[in-house]
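Asker: Next come the chains, spelled out residue by residue.
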Amino acid sequence: MDDVVVLGCGLSPFRSSRFDGSIRDWVAEAVLAALADSGLEHQQIDQSLMAYESDHLAGQIGQGVIWHDTLGLTPRPTARIEGCGATGGLALRSAFAYLRAGLSRCLLVVGAERVGKSVSTATAGEIFAMSSDTDWEFPVGGHFTAYYALLMREHMRRYGTTEEQLALVSVKNHGNARYHPLAQKPKELTVDEVLASPLIASPYKLLDCSLLSDGAAAVILANRSWAQANVPRFSERPVVALTGSGCATDYARAGDRPRDALAHFTAKRLAGEAAYAMAGISEPLEEIDVAEVYDSYTGAELMAYEALGFCPPGASGPLSEEGVFSLQGELPVNPSGGLLGFGAAAGATGVAQAVEITAQLRGEADPRRQVAGAKRGLSDCHAGTCTVAAVHIFERKDI
Amino acid sequence: MDPKVKLELERLRADDPLGRSEDPFADFREVLLLGLEHRFRYRHSLGKSSRFFLALEEGVLLATRCERCGRVWLPPRPVCPNDLQVTRWTELSGKGTLESWTLCPRAPHYARTGEPYLLAYVALEGVSTLFLHQLRGVGPDALQHGMELHAVFGNEPVDHPLERFWFEPLEL
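Note that the protein sequences, when read in sequence, are chains A and B.
Throughout the first sequence, residue numbering follows this note's numbering, covering 54 to 452 in sequence.
Throughout the second sequence, residue numbering follows this note's numbering, covering 2 to 173 in sequence.
Everything labelled a hint here was simulated from the structure, so no lab data went into it.
Treat the hints loosely; a few may be bogus.
Said to hold, decoys possible - Once the Cα atoms are required to be at most 30 Å apart in a straight line, the calculated DSS-like pairs of lysine-lysine come out as:
(1) A/Lys428 <-> A/Lys450
(2) B/Lys5 <-> A/Lys170
(3) B/Lys49 <-> B/Lys96
(4) B/Lys7 <-> A/Lys170
(5) A/Lys170 <-> A/Lys240
(6) A/Lys428 <-> A/Lys240
As the list claims (entries may be wrong) - Pair by pair, the computed Cβ-Cβ distance ranges are:
(7) A/Asp122 <-> B/Gly140: 53 to 61 Å
(8) A/Ala425 <-> B/His110: 43 to 51 Å
(9) A/Arg421 <-> B/Gly36: 36 to 44 Å
Note that the coordinates shown come from a computational prediction; the quantities given were computed from them, not determined experimentally.
Beta carbons are placed, not taken as given, at the ideal position from N, Cα and C, and that holds for glycine.
This is chain A alone, in the form it adopts within the complex (with noise of 0.2 Å):
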């Protein structure tokens, strides 16, 4: 089957606020920025999709055309993909499916998200708390860290995980995003500084908690036939192709789940185990030379570490530790600093952790964070607390 391969990336950076634009002009900067890596003329793309989470962030509904007008692809078809923090993921996936259906050969996948100051933070924590039940959750107080929180409680209690282990992943993504020029918080902090930071909801303090963020991200996909006979300079670059794709789902409340799995992302688990079946990995960690995982918390990261087989469950805390998934590690995890370093915005994330994955197989990350010849990555996000998984497989295949 024809490849589905990776043309153009682009960031816009991502900001606590970006009132120099407005969203549409944050997925320009993206777009344009694609355009350009990938050597295109947007008139090339025969189809967009456009990722974002929420209509009320925005202040806008249907923002998708929108965008898809300031860009200049009308009257190409686009769609909307929406799927709360799995949203830039789902915008993958749907692209590989539209890719490999024959609907497009040269397709663009724009993210965006306006989650900072254009609403204070008390007003972004009740909007993406309106996401969680509400007849059910929202009512009693109920807010994101908090259901986080619930579920890391009890992986400390089964596998004995403590805070420390949790600050050092706040300090590896933060460090990491110091070597991201377009990173919102890069930082040298200290685990004690974590620990010191405003208790939100325990385990997590301020510093354990993903950054709220104005941002776009747009990658182009193509299949490779389409690209070598339209593609100037396709066969002088390094190839990036999206081989595996998994997606599953949980129960929306975590309290539905099966209560032994409280302390697990089991829709992660299965999304990975589908992303490896497609693209032939049987060893995560060996085989897996770079991720970009969904650390809305500090804990999470650990969560999805043994979620996606890096190690056996509970054993993400002391491995961290090690120093497994720093930069230097076996297998470097969120090397762009992630949602705790370089920035969450809903739609835009899925989309910035392909960015990011392309970079570093292409072998043009910042030298400080480039993982030395990598080949293959794993971009991961999710959902509420991993309601809906998206698990995607990118690897190095030149001609």
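Fit chain B to the given chain A structure using the hints.
Answerer: Same frame as chain A, now just chain B:
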């Protein structure tokens, strides 16, 4: 600011976030911010879950039982996700055990609760799922996994029917 415009206005100079020496958007660096507000009001039906909320007036907790698979769902499910059979209401003792908890020093502005407050997953007697609610009458240091809890109904006026009750330790 333009006195003819009633919305809150803020004018600012926004520099290129990338700090490029030749800013491609140099013509576009003057920015106007508007204070916008949307208010929506819903007549929101609690639908087939309504009986749970109505029973709270009597100090009773209800859940739904699937006659086919025996699973008891709370929050209620008029249709059991296991086998898509229509369920029946069943009355609970209101007792349960603590499965997981979190201490929140600050409450979100939409939550009408004191601060700090505790949120918990409670394994209710006879229920297959875990129920999320507030835990009161106890400090975080006294909490233990598996400790016995019971539903307590308040008399104070509340906004949302779900706030008619919360959980407290059965014995301290």
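Asker: Hints first: check each against the structure and report whether it holds.
Answerer: Hint check results:
1. A/Lys428 <-> A/Lys450: holds, 8 Å
2. B/Lys5 <-> A/Lys170: Measuring from Cα to Cα gives roughly 26 Å; hence the hint holds.
3. B/Lys49 <-> B/Lys96: holds, 24 Å
4. B/Lys7 <-> A/Lys170: holds, 22 Å
5. A/Lys170 <-> A/Lys240: holds, 20 Å
6. A/Lys428 <-> A/Lys240: Holds. A/Lys428 to A/Lys240 sits at ~28 Å (cutoff 30 Å).
7. A/Asp122 <-> B/Gly140: 53 to 61 Å: holds, 57 Å
8. A/Ala425 <-> B/His110: 43 to 51 Å: holds, 48 Å
9. A/Arg421 <-> B/Gly36: 36 to 44 Å: holds, 42 Å
Violated hints: none; the structure is consistent with every hint.
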